[in-house]
Structures are given as structure tokens and as C-alpha cells.
Amino acid sequence: MVLADLGRKITTALQSLSKATIINEEVLNGMLKEICAALLEADVNIKLVKTLRENVRAVIDFDEMAGGLNKRRMIQSAVFKELVKLVDPGVKPYQPHKGKPNIIMFVGLQGSGKTTTCTKLAYHYQKKNWKSCLVCADTFRAGAYDQVKQNCTKARIPFYGSYTEVDPVIIAQDGVDMFKKEGFEIIIVDTSGRHKQEESLFEEMLAVSNAVKPDNIIFVMDATIGQACEAQAKAFKDKVDVGSVIITKLDGHAKGGGALSAVAATNSPVIYIGTGEHIDDLEPFKTKPFISKLLGMGDIEGLIDK
Amino acid sequence: MFSLFKSLVGSKSLTMDDMKPVLEKMKDHLIMKNVAADIAIKLCDSVATKLEGKVLGTFESIASTVKNTLTESLVQILNPERRVDILRDCMEAQKHGRPYVMAFCGVNGVGKSTNLAKICFWLIENNMRVLIAACDTFRAGAVEQLRTHMRHLNALHPPERHNGQQMVQLYEKGYGKDAAGIAMEAIRYAKDIKIDVVLIDTAGRMQDNEPLMRALSKLIKVNEPDLVLFVGEALVGNEAVDQLVKFNQALADFSSSSNPHIIDGMVLTKFDTIDDKVGAAISMTYITGQPIVFVGTGQTYTDLKSLNAKAVVHALMK
Ligand SMILES: Nc1nc2c(ncn2[C@@H]2O[C@H](COP(=O)(O)OP(=O)(O)OP(=O)(O)O)[C@@H](O)[C@H]2O)c(=O)[nH]1
Ligand SMILES: Nc1nc2c(ncn2[C@@H]2O[C@H](COP(=O)(O)OP(=O)(O)OP(=O)(O)O)[C@@H](O)[C@H]2O)c(=O)[nH]1
Ligand SMILES: [Mg+2]
Ligand SMILES: [Mg+2]
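Line order of the protein sequences matches chains A and B. Going left to right, the first sequence walks through residues 15 to 320 as our numbering numbers them. Going left to right, the second sequence walks through residues 2 to 319 as our numbering numbers them.
These are computed hints drawn from the structure, not numbers from a lab. Check the hints yourself; a few may be wrong.
Stretch by stretch, here's where chain B covers chain A in the computed footprint (C-beta under 8 Å, at least three residues) [to be verified]: (1) 122-136; (2) 144-158; (3) 260-270.
Using N, Cα and C, we set each Cβ at its ideal position, and we do this for glycine too.
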């Protein structure tokens, strides 16, 4: 499972609480150190890790606290809360509406897996009998339109693009207009890879967004990313209205913690994860069940609310 | 006041306890710069071992001593002994009447094909004729991507400027075919018509995907390229370690050879996307002990640089 390694380490660290006879500052610090090390090894942003440590520590006041059982529970629930915060921005993702056009625009860094995931998502909805299609608004990457064309042809997904038009804004606009008229329900717009250091690419993204007025913008993030994720994710969010995150390439060994930093940076939930190169390698993602499974716990919500 | 006094007194020799707080900060700093956590810890440990028992000079503080020692090790890591001189080796191969062969490998989407095209541009600028072997027969659009690059590159260096010769050609057999076989045909073709360099593009693959790793190992084994380049992106975090360890392991284990050909060097891509979080350069060279041969700094043909170790270390320690 995704992040299984991290889950195991955190669980072990938490168990050290139950083993200790007295819970004092030293035990707490030892446990936090282990948890933080595990998070860092999983590429979770170092600032978020530090915040997590401080927040857990802030909850616990050793002078005022009574019995050992109470301390244990308080510490555990503080850790859970912080972990959930890491993955759950507390906002609901956009839900497409049947019978009307839902325009979904994909954005992200170069090579993160946008084009592949666009086809996966269109296919996912098509299988559930939504009228789905894809617009290729990447005029930059060599072979981008061929990639979309081959993917879509194989999966029998209608697509729109051009070998001659160089302006992605025009293609996006024309494609979306055409598919809207034809009564499509899921209209996915693929865009070029870009990064915050190149302002013109960000302006282009904004122009495409303004032209097609997407109902949802999905930020695609590669699971192998390290500490650079946060700054990039934040810059995307600052430029366009990112509403959801998809983390790709989780079929490998990657722990995906770096990509999780995109959740905090964009204040958007992860809605799917990519687990392979094939068209059906896409899994829905739900935050709370994910954390429970991660930590091998039953009902996290119950634990936190106590 | 007391700590200031203590650090200026020069007679005491350094203990692990003295260094601990500084090293802890250094470790966090390296991680923040995207050095893999495990490697950051090892680096700090080795600095501690080096310095333990050392007597500080009168005006040396613990912090600056630790910092200097760490800086030295970082510079060393980025300067592996082995040098790769591609142009020289290309000419050497020319003398023997055979093409110089480079294979590009790495996980998905890191920039193999794009940086192959940039290296192709650099080779043409140096008057080498190139054959690109389209051995990614899996990913949609992979062949067309290379064909587009070939067209662009030939337009930049038209035959008129090169005694009527076409500088870049593409060897492709479409999709679904065996990559190792296509590479072999391409190398033979290049030899027959006296092309100087063959660049083999391969499909991206996850290091844990055994069938795909076996296929890569076979490609390398049967074609014996002169240079096996691992392409990794500067964005990668702790995964860098696992990728390189497992690519090397697969090339060694699946080759059933006593002297397997493993990774000779790295291409570090997307260096323009990471600001000062340059730690991946350290993680990659630390693991392989091999040089970073090229650095990709953008999406155009001229965005290819050699590694400036000094600048990288400076960015790391800043
Ligand atoms: N193993 C694996 N590979 C993936 C996954 N998602 C995408 N890929 C691969 O990652 C590589 C890059 O994917 P693309 O879809 O071309 O990425 P992109 O973001 O559109 O790239 P640009 O348009 O160049 O920015 C391809 O080799 C894909 O097959 C995944 O979930 N698992
Ligand atoms: N900013 C930036 N982008 C780069 C760099 N190198 C490659 N890219 C981009 O990264 C994306 C993926 O590049 P590819 O060359 O297709 O990657 P690949 O490794 O061949 O991908 P697969 O064959 O699908 O595994 C493209 O959008 C490239 O333009 C670089 O140095 N900087
Ligand atoms: Mg794309
Ligand atoms: Mg490629």
C-alpha cells in the first residue's frame, strides 16, 4: 500500500508510548523524533514536519496532566490530528454533474503524468457512462498531440487538437466549445508541463484557464518529488484556482510524502492516485480511510473526537 | 556569554557532544535542500568522525569548523575521479570505424528523450552525425516525439551547412517491438553508413518493475553501449537513492555476467525548477560515485550544461 512503510514506522513509534511505564518529556521527545524522521524519509516537507512536532508538543503540558492513560490518549490523538491535517485540507472536492458539461483542466510540472492521467480519468468516467472527451492544449512538447491521439484512439475517447495551431488558448477554447455543443459531460483539457520559474508559462496557464473557465483544476504531482514540491504547488495555486490533486507513479517504491505537501500548499484534496502506466491504473482516494488504513487503526474520526 | 567564551578557548578537543547541536542543524539544513534524509545523516556522521578529538584553533568556532568540513566533503562527492569525455571517445570510436553508442535510462517522465535531443544538438554542433534509436516502443507518442526533434534539429543544421549530409536520422520500428533488437539493428545500420554516434532512447520504467528492468538489462548486455547514462530529475527526493541502487542492481543481477555494465554517469534534469534545493545532485553522486555528465536546465536545445560543483555546494550551504 501507499505509504505503508511510513505507516509502520509511525505505528511503532506510537507503540513506544504504551510500552513506557512513565510518560515524561523524554518519552514524548523520543517518539516525536522517530515520527519526524519517518516523515522526512518519506519526503514530507520539512516545514510541515516541524509544525507537526510543535503542535503535538503544544498540546501536552506535563505539569498539568494527570494519569498515564490520559497522557497516552492525548498524545496519540494529537499525532493523529496532525497526520490527518497533512492529508486532509478539510475542503470537499468538486463533484461533476450529470447532464451538463463539466470542464476539468489539468496542470502540473513537466513530466508529472498529466497527459497519461487525463486519459485515465476520461476513461474512468466513460466506463461509468458519462460522455467524456479530451482536448490537447499542449502545443509545446514534441509529440504531445500524437500521445493524446494514440491514447484516446485506443480507449475510444473523442479528442480534439491540432498539428498546426500553435496557440494553446485557441485550441482549448475551440475544443471546449465544440464538445460543449455536442453535449459532452466530462471535458478534460490537457496542458503543457510548466514550472514557477518561467513566468510566461504561468501566464499561458492563466490565459487557458480564463478561456475555458474550468469547473475544476487538477494539479498533477509525481510521487517521487522531494522538498521542491511545496514551492511549486503553492505557485500553481497562486496563479490559477487549483481545486484537486492527483498523485501519480505510486506503483513504484515512492513514499509519496513529498507530493502530499501539495495538499497543504494548494489547500486541495487528493482525489485519485496513479498506480501504473496503463489506462485503468487509477484509484479513487479518500483521506480518512487512507489514514486509518495507514496506521492500521479502525475508526480514526472516533479517536480524534474523544 | 559563556558559550561564546567556550568556543574561543582553543585548547579543548572536540567531542561528539560538542558537535551534536550544530550537526543536528546541518542535517536539517541538508534535508531542506533536498538531500535524501539517509544521506544527510551519513554525511553529518562522517563529519563528526573526522572532527572528533580535533583541537580547535583559537579563532575557530565549532559551527564554522563543522561547516567547513562538510563543505569539503560535499565538493569531494561532486567531483568523482572518473571523467567522461564524450567527444574524445567519439573520435576514438571513429578511428576504429564504429559508432559511439550511448544509452539513456531512468524512471518515467524524468526527461530522457528531451535531454537525448539536447545532447544530440550538442553533438551536431561538434560536427558529429547522429542516429537516434527509438527504443521506447511503449509510451504513446514516444516515436513521434523523437521524429519531431529530428526534424527540428535537421532544420537547425541543414545539409547545406554540412557538405550535403543529413546530420540526424531516426531509426524506428514503431510500437510494441523488442527494444534490444531495435537498438542492435540501429547500431549495425549506423556502422554500415558511417554515422558517428548512436543515441538509444528507452522507455521510462519503475525500478521495482522486474520485467521492465530485465528488458533494460538485456538491452545493455546485448548491445554493449559505450556509455550508460541514468537520467534523474533534480526534483526527486529520497527516491533518488532507491532508483539508482535498484537500476545498478538490475543491470548487474540480470546480466548474468561477471563484469556487468552498470551506470557510467548521470544526467540531472529540470535543474531550472528547483531554486536552491539542489540536494538531488548530492544524493545521486553519493550513491553511484559516478559523475553528473550533463545538467538539464530547461526545455530548449541549448539548456544543457555541465555541472558546476562549486555553485552547487554554495547553494547547498547557503
Ligand atoms: N509507473 C507509472 N508511470 C506513470 C504514471 N503516470 C504517468 N506515468 C508515466 O510518466 C511519464 C510521463 O507521463 P506524461 O503523461 O507524458 O506526463 P505529462 O505531465 O503529460 O508530461 P509533459 O506534458 O511533458 O509535462 C510517461 O512515461 C507515463 O507513462 C503512473 O501512475 N505510474
Ligand atoms: N524545465 C525543464 N523541463 C524539462 C527538462 N528536461 C525535460 N523537461 C521536460 O520534461 C517533460 C518530460 O520529458 P521527456 O523527455 O518526455 O521525459 P522521458 O523521461 O523521456 O519520459 P518517458 O519517456 O515518458 O519516461 C517534457 O515536458 C520536457 O520538456 C529540463 O531540464 N527542465
Ligand atoms: Mg503531457
Ligand atoms: Mg521518453
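Here's how the hints hold up against the structure:
1. 122-136: holds (count 5)
2. 144-158: holds (count 5)
3. 260-270: Three-residue rule met by the region 260-270 of chain A, so holds; n is 6.
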